[in-house]
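Student: Using the sequences and the hints, build the whole thing.
Below are the chains, spelled out letter by letter.
2 protein chains.
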Amino acid sequence: MFELVTPITLGDRVLSQFVELINNGTFKLGEKLPGERDLYAQLGVSRPVLREVLSALRYMGYIESVQGDGTYICKRPLGPAMTQLSLQAMIEETQLFEIWEIRYLIEPEVVGLAAQRATDEDISLIREKFHLFEKNVQENIDHQAIIESTKAFHNAVAMAAHNEALAFLLESITNMMPETRERTIQVQGSSERAVAYHRSIMEEIAARNPEAAKKNMQKHLVDVKSDLEAYMASKKR
Amino acid sequence: MFELVTPITLGDRVLSQFVELINNGTFKLGEKLPGERDLYAQLGVSRPVLREVLSALRYMGYIESVQGDGTYICKRPLGPAMTQLSLQAMIEETQLFEIWEIRYLIEPEVVGLAAQRATDEDISLIREKFHLFEKNVQENIDHQAIIESTKAFHNAVAMAAHNEALAFLLESITNMMPETRERTIQVQGSSERAVAYHRSIMEEIAARNPEAAKKNMQKHLVDVKSDLEAYMASKKR
DNA sequence: ACCGGTAAAGTGGTATGACCAATTTTAAGG
DNA sequence: CCTTAAAATTGGTCATACCACTTTACCGGT
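From first to last, the protein sequence lines stand for chains X and G.
Its first residue numbered 287, the first sequence is counted upward by one per residue in my numbering.
Its first residue numbered 287, the second sequence is counted upward by one per residue in my numbering.
Possibly wrong hints are sitting among the right ones.
For identical chains, the list gives no copy identity; a pair is met inside one copy or between any two copies.
With a straight-line cut-off of 30 angstroms between C-alpha atoms, the simulated DSS-like cross-links for lysine-lysine are [to be verified]:
| no. | residue 1 | residue 2 |
| --- | --- | --- |
| 1 | LYS318 | LYS437 |
| 2 | LYS511 | LYS314 |
| 3 | LYS421 | LYS361 |
| 4 | LYS505 | LYS421 |
| 5 | LYS501 | LYS511 |
To be clear, the hints were calculated from the coordinates, so they are not data collected in a lab.
These numbers were taken from a predicted model, which means no experiment stands behind them.
Tutor: Set out below in structure tokens:
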């Protein structure tokens, strides 16, 4: 007869109370929380329930706990709010392309911002990461190292845009296709092309040329997409 | 002497194992998990630890539990992976502008896609949401209704872009500035201007004119930004 | 009075066992 | 065979105890 909305659990209630306590300023950022024993008494639940809630908040990155010390409220929870463990297996094929498209929308804009806002330090960091990447590709080290260095490069670029939330977001998104990255890297010549594009992007950021940088990032991502398609096709077999 | 990297907790280990079990296909999407009693034995931990991990996964939206029935793995965990409870109080002023900038990067692109991909159904839905919004503003109903209807409009547009992940992402982002929305809506004339922009955007999507739609969305967001600034200034006092 | 080391107190982490509430399954009864 | 009620199963909650680590505070030596 009645619609089953959502069986509200005790933890849900506690979670709400907790959010409220933070939003109304009872608990301030960076502050230490009361001990679990005080807290669960204060909230009127048992310790396990409290801990389940805290556990969730912890894995989401809102709080941090130190054994023997206490639990602290994180100051910059932005990343956690967007990212989180990406269970790659949970991402289906269509979603992979959707995620690619999001990259295609965002990353060019990011390099555009980077080209406008990068400081000299930013640029030298980008240079450094690029040369590391180039070196790894040339020497054909293990794939993991190459992946790490390309991520480092993209990350350095994102930092140069001077929008921390954006950098977080981008990292989360790219992390959603990790397996993919490992496979597409094996496609013939893909890494070499990537090096070329990275170089162009780097140089155009250094030259403060947003539009050109954006264009090259777009081309690079189109490349990534075709690698992705090749990978998907091979997976079908 | 030694650097404290991260005190790995039992739950962390279980979480990893769990992720691995999903990624290697032992647990498939939509499937029912073993009972907690089996599971915690199988993973070699106690029930509280297991439950803390499951709790986190649950609040992140990866799994769902039904008392008396079992725990299921969600099929489309994309939203949860990005969004989650946004503790508005945890977002600082600078971050608000960073988030605005993200909107400024993404939303115009989204309406651009929408103008290319919208079906007739999409367009009529957008029209519907727009008229609701317009009506709410004219009749000056309670603010909550206005906020809801503008969100509904933006959401309808996002759906028209036919990229579910993107729609999720955008919703998460806009949800990060909820309080803001409630305040800026009180700024004189802001709602009326918003109606005008929404109308233009709607019409240009219907006319399949991506560039014009993008331009208007950008203007609208610039408007939102100045409201934001006004809000922040008033908050300072 | 100062310093250093050690014990105590406090904190988060883990484990056990029990019971409650909802659902599903099973089996008994019509 | 269908209905129905009991039993088994499952997630939800609680109490308690103990472990590991940190911080604090006390106390003795200098």
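Student: Failing hints, ascending?
Tutor: Numbers 1, 3 - these are the hints that the structure violates, sorted from lowest upward.
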